[in-house]
Amino acid sequence: MNPLNNNGRSRVSRIRLHVFQIGSAKIPNHSGGIQEIPLFRTFAVISFSNDPSKRWRSILDTGSPHTIFPPGLWEGMEGTDSAPIRLFENHWDSRPTLTIAGCTYEYQWGEVDIVLHDCRTERTLPAVRVIGQFLTRRILTPKEHEHHNGTTTPRRGLNHIVLALSPGVFDGRYLILRPGPTENECDAWVQVDHPDAMPFTKVVL
Amino acid sequence: MNEPVKLDVAIPDSTNSASVSHFRSETVREIQELCRTYPAPDPKEVSIDVKWLLDRINTPELEPYRGKYVAVAFQRILATGDDPLELNLWVAKEQKVHPHRFIIDFLDESIEQ
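From first to last, the protein sequence lines stand for chains C and D. Every number in this note's numbering is 5 more than the matching position in the first sequence, counting from 1. Every number in this note's numbering is 14 more than the matching position in the second sequence, counting from 1.
Quick caveat, the hints were computed from the structure, so don't treat them as lab data. Being a predicted model, the structure only gives us computed values, none of them experimental. You may find that some hints are simply not true.
Said to hold, decoys possible - To give a feel for the contact side, a few chain C residues facing chain D, derived at Cβ under 7 Å: (1) Leu44; (2) Val50; (3) Pro57; (4) Ser58; (5) Gly77; (6) Asn164.
Using N, Cα and C, we set each Cβ at its ideal position, and we do this for glycine too.
In isolation and in its complexed conformation, chain D is listed as follows (with noise of 0.2 Å):
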């Protein structure tokens, strides 16, 4: 499996209203434009890769990315961050895709009380 990319994306100072809403409706535009831009997904691909990580949410495959997001498409984990809006832009431009192609999702770490 080829290593996920980890993504550092600066994120301005978020008590600062006008710089956080103006960084994030830039990367709200540019997603719209790829949803645009790319065709939409096969609803059936999405549900393979959901099942893909589906089965491994509890195993030690990924263990390491546990407190990120992960950005998961082709039944595999492509990159990690800490911002969704930021990952789910990324990814896309990156692989030339619809951004609905792949799932954005947290992976918890364990909670030990």
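Pulled out of the complex, with its shape left as it was, chain C reads as follows (with noise of 0.2 Å):
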């Protein structure tokens, strides 16, 4: 099946997924140099389903087990009848803790629905019910309480919202590459459906 029509133009819904270079590694060569092989990350723009406006270019993350969102992001998104983020009742008597990008953080369980966006097409993919680790509070370290006196700098921690595939807003999606203008470059998007696709799940980028 052809995903273009005859303007050349999608007619299959799908958003642009965006991939940049975050820096480069160097690592030994064969021959006893050293190669320097770019990193990169790949991001949506997504938004709540009852908020299109507010959007968060968001980290696409094949490795983590469930969507997490970072302090700062998401609070005051939650706590009312319209709000569009449902936390869950936490059962235990502590909150639990999770650790990423090097930092510990308490964490409670919610859900939320996610829209895709492709904000060159104005296009969105349908809305989908995610799961996700709420991050409330960070936990810093002997060594990073020393920052409050000036000696240490403590990390950054996580800043961008982490999507994961699975379960998370790709499930049941399609992945679509293409080179890009520049060797360089490639194009990614995601879509509900197409044949000749990749199923999102069982792709690493």
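Build the complex from these two chains, which are given one at a time in their own frames, with help from the hints.
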């Protein structure tokens, strides 16, 4: 099936992913020299279903078991009937913790409907209900406590929403990759259905 | 382009649960109040700003703001800060706009391994 119509425009629902070089790594090669390889991260622009104006550039993390929301990026969107985020009751005596990006956080489970956006075409994919970990409070290590005395610099921690492949907003969706305008670029889309595409959850980017 | 404002808000000790929770719940309450005060933004206007930012992520233009959260609207960086929630509140108050009218994004520093 040709996914393009007569005008060369897509006739299927799809949104663009954004692949950025975020740095490089120097590794030894066979001839004893050093080879520099680029490091990439893939981002998607998302919103919560009942508020299409509030957008976040979010990291697609193929290795993350769950979708994770850092503190400060979701607070204020929970706790009322009309709020998009519903936090689950915590049945433990203390809040559970997770370590990510070198930092430890307390978190609460919750759910939210996530919409994927393509800001160049104004296309969106239908909302998917995602259960995720909503980080509430960062726990400082003893060394980081010293930061308050100005002796060390605290780690940055998690600064972007992390989108897991499955379970998550990419469940049941397909990845399309095309060469980009230059050899260092590629175009990546997520779409709802395509017979020639790979199921997203089987793809390693 | 106007110089963005550097936001330097004192964050209470994040190991002190009571003070953090009070501090943040007050900020959240103010943001929710501003959401009720100002009209909801047009998503297409926000898209223009998202595009503006995406086109510049890897360019030298944003180099001075790496390692910070930035607030982007009207195709420029309005302010930078270390706490996204405080940045959101400050810019909404300053610009007198709905807190969702602008994008809050973190500009990663380049990784060299």
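Hint check:
1. Look at Leu44 of chain C: its Cβ gets to within about 6 Å of chain D, closer than 7 Å, so that hint holds up.
2. Hint status for Val50 of chain C: holds, given a least beta-carbon distance of 6 Å to chain D, under 7 Å.
3. Hint status for Pro57 of chain C: holds, given a least beta-carbon distance of 4 Å to chain D, under 7 Å.
4. With 7 Å as the threshold, the beta carbon of Ser58 of chain C comes within range of chain D, its nearest partner Cβ sitting at about 4 Å, so the hint holds.
5. Restraint check, Gly77 of chain C versus chain D: the minimum CB separation of about 4 Å is within 7 Å; hint holds.
6. Among the interface hints, the one on Asn164 of chain C holds; its C-beta lies about 4 Å from the nearest C-beta in chain D, closer than the 7 Å criterion.
In this structure, none of the earlier numbered hints is contradicted; all agree with it.
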